[in-house]
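Participant: Single-letter residue listing:
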Amino acid sequence: MGAYRSNIDAIRALVRDSEVHRDVYIDPEVFDLEMEHLFPNSWIYIGHASQISKPGDFITANIGRQPVFAVRHSDGNVHVLFNRCPHKGVKIASEACGNTGKFFRCPYHAWSFKTDGSLLAIPLKKGYESTGFDGSQASRGLTPVKHVKIYRDFIFAKLNDGGLSFEDYFGESLSTIDNMVDRSPEGKLAIQAAPIRYMHTCNWKMLVENQTDTCHPMVAHESSAGTAVKVWTREKGDSTETPMAVQLYAPFMSPYEFYEKSGIRIWPNGHGHTGVSNSIHSDYSQIPGYLDKMIAAYGEKRAKEILDETRHNTIYFPNIMVKGPVQIVRNFIPIAVDKTLVESWVFRLVGAPDMLYERALMYNRFINAPTSIVGHDDLEMYERAQEGLRSNGNQWVNLQRLYEGGEKLDVTEVINGTSERQMRNQFHAWVKFMTQDMSERAEVAE
Amino acid sequence: MNEKVIADFIYEEARQLDAMQWNAWLGMFHPEARYWVPLEWQQQDPVLQPSLMYEDLLLLKVRVERLSGERTFSQKPKSRCHHLLQAPHIVECNAETGVFKARTSFFYTETRGDTLERYSGWASHELVAVDGELKIKLKRIDLINFDAPFGNIQLFM
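As you go down the protein sequences, you meet chains A and B in turn.
Counted the way my numbering counts, the first sequence spans residues 1 to 446.
Counted the way my numbering counts, the second sequence spans residues 1001 to 1157.
Careful, some of the hints might be misleading.
Only pairs whose alpha carbons sit at most 27 Å apart, straight line, appear in this in silico BS3-like list of lysine-lysine [unchecked claim]:
#1 B:K1078 / A:K230
#2 A:K230 / B:K1137
#3 B:K1101 / B:K1137
#4 A:K230 / B:K1076
#5 B:K1078 / A:K339
#6 B:K1135 / A:K230
#7 A:K236 / B:K1137
Using C-beta positions, here's what the derived DEER-type ranges look like [claimed, not checked]:
#8 B:F1107 / A:L124: 42 to 52 Å
#9 A:Y256 / B:V1047: 30 to 40 Å
#10 A:V414 / B:Q1086: 51 to 61 Å
#11 A:R384 / B:T1111: 12 to 22 Å
#12 B:D1147 / A:G2: 33 to 43 Å
#13 B:P1077 / A:Y403: 31 to 41 Å
#14 A:R384 / B:R1080: 13 to 23 Å
#15 A:G187 / B:E1117: 40 to 50 Å
#16 B:T1115 / A:D354: 31 to 41 Å
#17 B:E1117 / A:T240: 39 to 49 Å
#18 A:G299 / B:C1093: 56 to 66 Å
#19 A:T412 / B:S1105: 56 to 66 Å
#20 A:R105 / B:T1111: 38 to 48 Å
#21 B:P1077 / A:R234: 23 to 33 Å
The set of hints was computed from the structure by calculation and includes no laboratory data.
None of the values given here were measured: they were computed from a predicted structure.
Backbone N, C-alpha and C define an ideal beta-carbon position, used for all residues, glycine too.
Required output: the full structure, derived from the provided sequences and hints.
Facilitator: The following block contains the structure:
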């Protein structure tokens, strides 16, 4: 046994006020415990209701290591079920998405289930007569995930019974999802295509932290965004309009002062966002016809209020990032202690001009793809950190920028945009949801 | 213009990439060219459907310039690549309309440091003749596993 299992004090000792021990990124046992505790105790994003709009539509996902799927039942309700046949454990839904028709049929022994998970039929059923089968867990069909919340079409689930309700867990942070949805003149988002997928050989938390790390873009992305600005300046000639592509790259080179002033907002339970007063998304060209549609839908005052909110990256703890002004959700899916699958989804604003979708798709392939030069810059840093952290010379990662002694925990505050406080906020939440269902006494599991 | 000239042009392009002669490679593109790596099977639309890459000459220049940048840390050490091409299938060779199209099955290898990754797919070239010289109007890369989660792909297929 390693140092951390059944040792709540050792887990707590990994996180100090302004630094964290490297084992949170590189220790396989800590990763196992995250899968067993942190993820089941947290509200995890499963997918978007527009992906399963018709009865029988399903999408698969994992919560920690546990496979689940969400399915639209014939009555229109969405069910989230554990993805294993109650008979021998075979996964019922094997693809990322699909339509099963009126029922699921296990490919191994043809047990079938309604789209609410209940058992429909078993071949040669008489073989179970007088066996007490009716009292078995198998007779109840596919096991449902009990705690499911669909918030404005975003499907979240929590495996464990304890802990916070959806509303208490996310609180005011839901305002970022609200803003993204409100940007549709019809108040509706739609997923129309597969995500860009990108494998990272690093711990998932490095990606999460990087979303609110405002002191890296002008350094790490000088090679990509900086070169884009340089080449455009040289090649633009008499052009008066900056191409959409350059508009997307250039703000990454904004100076420290820009990020300092734009601010960070933190919320309880590890959520937070960059770009409070403005952001790298604030100065894009207007999309023709969009403002008119928004004004027609919401009235001038409300439409401007919605569009003036240009939050940069919002972390929904533990592992998704929502980018409202560009309609992207990034899902940082932990695979192993040093392996993370990133799926970056683009949403269409229903009722908005095509060009908004075009811009969001362009942003996604510029920044979040395995072929993205900005992505290359970032992954290089994560990989180097994953290797560098093996060094025993210093076993702590420093998160001290703009740290003030006695910082309040689990509060809502707006702070200097170059602060690392959101990272500290995340690690406070990490300890909380990691240990929430752990026993206090180390010897219990001996 | 004949089928051999088209095939030789495609071999020459791969040779420039393998030799890391990036600027010579860019010189083979038409000013209005696009380099496209779709994200869907038999994808039709590069603009309103997601792609891995859909870039014009300006963006390709940014990539090439970045590769030699002093602060391009993901190129320390540098990547190298190798194209293994099947004989191009000439889809169209029409000197009157000036339309030349070929589809080439390939095996692409990219290496950096101790890692080496291989990719398989088809490259589709749409070429035009400018003053008797072929230029790439569209280069499209269809990977067999376009939907798989890759790590960094830093050079050009």
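Participant: Each hint: holds or not?
Facilitator: The hints, checked one at a time:
no. : hint                         : result
1   : B:K1078 / A:K230             : 22 Å, holds
2   : A:K230 / B:K1137             : 25 Å, holds
3   : B:K1101 / B:K1137            : 10 Å, holds
4   : A:K230 / B:K1076             : 21 Å, holds
5   : B:K1078 / A:K339             : 23 Å, holds
6   : B:K1135 / A:K230             : 26 Å, holds
7   : A:K236 / B:K1137             : 21 Å, holds
8   : B:F1107 / A:L124: 42 to 52 Å : 50 Å, holds
9   : A:Y256 / B:V1047: 30 to 40 Å : 35 Å, holds
10  : A:V414 / B:Q1086: 51 to 61 Å : 59 Å, holds
11  : A:R384 / B:T1111: 12 to 22 Å : 18 Å, holds
12  : B:D1147 / A:G2: 33 to 43 Å   : 36 Å, holds
13  : B:P1077 / A:Y403: 31 to 41 Å : 36 Å, holds
14  : A:R384 / B:R1080: 13 to 23 Å : 20 Å, holds
15  : A:G187 / B:E1117: 40 to 50 Å : 43 Å, holds
16  : B:T1115 / A:D354: 31 to 41 Å : 39 Å, holds
17  : B:E1117 / A:T240: 39 to 49 Å : 42 Å, holds
18  : A:G299 / B:C1093: 56 to 66 Å : 59 Å, holds
19  : A:T412 / B:S1105: 56 to 66 Å : 57 Å, holds
20  : A:R105 / B:T1111: 38 to 48 Å : 45 Å, holds
21  : B:P1077 / A:R234: 23 to 33 Å : 28 Å, holds
Checked against the numbered hints above, the structure violates none of them.
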